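There are 2 protein chains.
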Amino acid sequence: MSHLYLSKLVSNNQPANMKQAFHCLLFVIEGQNTNKFDVIFCIHFCFRKVMNGTGYLHRPSSVGILACELYIPSLYVDQSALETYDNVSKGKYTIGLGQQRMSICSDHEDICSLCLTVLSRLLDETGVHPQQIGRLDVGTETLIDKAKSIKTVLMQLFVDHNNTAVEGADNINACYGGTAAIFNAIHWIESSFWDGRYAVVVMGDIAVYAKGNARPTGGAGACALLIGPNAPVVFESGCRATHMAHVYDFYKPNLNSLYPVVDGHLSVQCFTSALDTCYTQFCTKSQMNHESHTHTHTSTLTSREVNLSTFAAVLFHTPYVRLAQKSLARLYLNDLIRACPYIANATTEKYKNLDIRTLVNDKDLERDLIEQSKELFEQKTLPGLYFSQNMGNMYTPSLYYSLFAFLISQPTEEQLYGRRILLFSYGSGLASSMYSVVCRKVHECRFTLAQLQRSIQRARNRLDNERTELTPDLLDKLLLEREENDHAVPFIPKQPNETLKAGDIYLKSIDKNHRRYYDKFIANDNSERNDDNAKPIQQLYTEYFRNRQTSSDTNE
Amino acid sequence: MSHLYLSKLVSNNQPANMKQAFHCLLFVIEGQNTNKFDVIFCIHFCFRKVMNGTGYLHRPSSVGILACELYIPSLYVDQSALETYDNVSKGKYTIGLGQQRMSICSDHEDICSLCLTVLSRLLDETGVHPQQIGRLDVGTETLIDKAKSIKTVLMQLFVDHNNTAVEGADNINACYGGTAAIFNAIHWIESSFWDGRYAVVVMGDIAVYAKGNARPTGGAGACALLIGPNAPVVFESGCRATHMAHVYDFYKPNLNSLYPVVDGHLSVQCFTSALDTCYTQFCTKSQMNHESHTHTHTSTLTSREVNLSTFAAVLFHTPYVRLAQKSLARLYLNDLIRACPYIANATTEKYKNLDIRTLVNDKDLERDLIEQSKELFEQKTLPGLYFSQNMGNMYTPSLYYSLFAFLISQPTEEQLYGRRILLFSYGSGLASSMYSVVCRKVHECRFTLAQLQRSIQRARNRLDNERTELTPDLLDKLLLEREENDHAVPFIPKQPNETLKAGDIYLKSIDKNHRRYYDKFIANDNSERNDDNAKPIQQLYTEYFRNRQTSSDTNE
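Order-wise, the sequence lines are chains A and B.
Taking the numbering used here, I'd label the letters of the first sequence as residues -8 to 547.
Taking the numbering used here, I'd label the letters of the second sequence as residues -8 to 547.
Derived by calculation from the structure, the hints in this document are not laboratory data.
Treat the numbers as computed from the prediction; the structure is a model and nothing was measured.
Copies of the same chain are indistinguishable here, so a pair counts whether it falls within one copy or spans any two.
Under the rule of at most 35 Å between Cα atoms (straight-line distance), these lysine-lysine pairs were calculated in the DSBU-like manner:
#: 1; residue 1: LYS503; residue 2: LYS83
#: 2; residue 1: LYS202; residue 2: LYS499
#: 3; residue 1: LYS503; residue 2: LYS202
#: 4; residue 1: LYS468; residue 2: LYS503
#: 5; residue 1: LYS354; residue 2: LYS503
With the hints as extra help, turn the sequences into a complete structure.
Spelled out as structure tokens, the structure:
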């Protein structure tokens, strides 16, 4: 049926508001021989018409996260086992870094397979038809091509559904790429170029480090977010703070290497100073909004004084858990110096008139502050660290896994209503932003906080019950093989595929021209795996590497 | 002076519209001890206040290009000399590809130096203070790092001016990255997150190909665009068409190689089919807008029937000039099949009911259509090809150099008023969009069409009068050296620096940790170079490579 004809029908009925548009839609759809796609088209068209009908283009409101899907790699290594294996002091990784487990990817997984999997599951779980997506942005720093974007690889999931009209590309700046992608998706929806459809943001990374000190700070993860108006988790405008600068703290100039170049000391310094700058900017903006009384939207933070007590949760990009604790302590120091009213006068007295910029490398002060802010940390930050602690550094999605963890730390959606969360995104190089989201009860929208919680809880169940532990020596062998295979063509993954789950999209092969092929894994007996089967996978991997060694010995 | 105090003063005067805001600003500024930055701050604050004062957040209108700065590399090779050198048939590059000259970069130039130079010149020429920039987006496919963005490298130009609050990151998808960057900058300005400041988009590429057939399709270029409301070149909403898909037509999977993997035949096919799809979508949307009468903004295209006659210019991403001519012929074929009224009935008759999708590889048809559309091409596309013809493929900025060339093809700004331009952006992999811009006389804005024309004319003068020709054998030697030096560290550029011009920012060195250092070239006698001095540079390069050869022979 001709869309032009449909649009004419809608126009003839002249809907002037949402209610009229609804009735007009019913009239058009019931009276005609329409299919599902016609209906989708009509809804978009009608919506745009009402939105634009006054001559003014009013922005949609409460834009934010409608739904999400998380990737949980099937393999992990235990950090205390790694301590023993690396022959370092007990607690170096588990207490010093605060990490419990680290996710690992097999050779069936690459950055595209992770992104394809979460996007495919998001569409399946939400029932959103690919035609309803008008924008797709990707954030990653696991680059496999200098020109072709991962966004275009994801278009595989749309082409079969006859939708190629999907804006957006890849957003690159270390761990900040995911935040850049979300911001761009939100701005699109608020712009006059929005066509009424949803946006999706996909971000993911496989974080691996060369053998040595940094290896335990690896990890892997990916997530897909459905973005739209009338959302249960809303991005607030008016206070967003940004700090960007040119530094070489962590970067990946060896394009043929899996591993970054890291100046660890500088990176922590940059992170801390970006945190200070963004927090100051954020607080000033909020105060300005309050003074000027200009923002009347609900999704704007206006407060005479913003401090840690303003927020139900305070979450950070988390390369390792201990840095999140230090960061919370750092914000507490900011509040101390500003003598925020939630802190007793006697306590703030000794910090009065200190210049925070001079207090960067004072280890004693840091320890003291961590101790003082312990309760705040346990209340506002720790509930967001469950995934990070058990998966490791995920780079781009790291901050958003913290948001997810916090959302399921409250047993019901009612407990989240009206609660405000402060987020700090950091990508080396460096790019950083601080902003707030607010949780709300949605009206006339099927995407609820409870629905979000259920998606996250499913991921948490996979994390807790469906993973397999590998020994640290297998981690080393796995990463060595990953190094050797990086950009080797042609390539066919050979590691045990028992780790794959029904619905996973995995790397099938790379041909001699570097073209990558993917397939969806169909359920088999493995999908019914339980704890008793955990051992066999570890064994399969042991045997795989033994056979590989033997065959390579034979070849020599 | 405290910004908080200033914002309070502004608020107390309660400006309700732009005129009142202006008087209020004068009052505040005159009465207080303010400096330049206070004034800038006040203007932003006041503007936001008025913008948001009604409770509704109305979008700023007429968002588009306010000013631009183009990069013209100093070196080029002549395509007919290259034909002789490559021993191919006369006219293969000059007529077959339609190219006259190809830009080359010396070892003092890398992607960051190009981007730094145009951004620095844009700020200097427009007099826009770095504090007035709130967003900076970069588009490129000349990647030198998998994590650190070029955006952060550009932050060097802001940090000294005490502005680190600049949103945006790198946008990646082959030649489409620049378009993605522009779209994102525009959406930001139209969003509720806009803080009233300008956006800047910087895009650039150094396009080089392995020795052989594809080498003459190289080139280099970069440009910086100042983006804001009330612009002389406005991006129109409502009709933007997008087509994205997963293909391997041109990509760069060898991360350590300068050169792409190209399936030339497939790439032209993908380009053509993306062009068809976007044009159909664009025309349908415009018709829908017309039928529904919903768009009342001037910056929206509403027309019963859009066809080539709607536009003063029709411009394409231009890897080589001949493809732009073929593309115009292709759009003409679309118009023929649709029997557009500007074409005589007798002509359209034989194309009636043809399915355009089946007409992709018909060479006879293509020749015929190029002949038929010759006049349209000369009128609407050729005026936009001057830079492409004389610089080669510039990847991300290619389409925008076409826009620039068209803007100076009209002698005065009056001749551009109200004229509409159709643009088609294509990036392999693939991502493509078609959209329109409209030229307008601005009111109460110092960024005029005439100003834009002057900037572009300056670049054109550099192109025509300040470049040096290198012989094809020097091109080969230069590219061989570029290959050898790619990612070699430490590195100090050694080629003759006589090609640098005052104000150019050039690569000074790369240290052993891959950290790159840049400097601004200060005027010397070379900046007064004229045609008589052109020969010496060619000679300097000849001697440079002779000495290099000698010293490498000695070392062996």
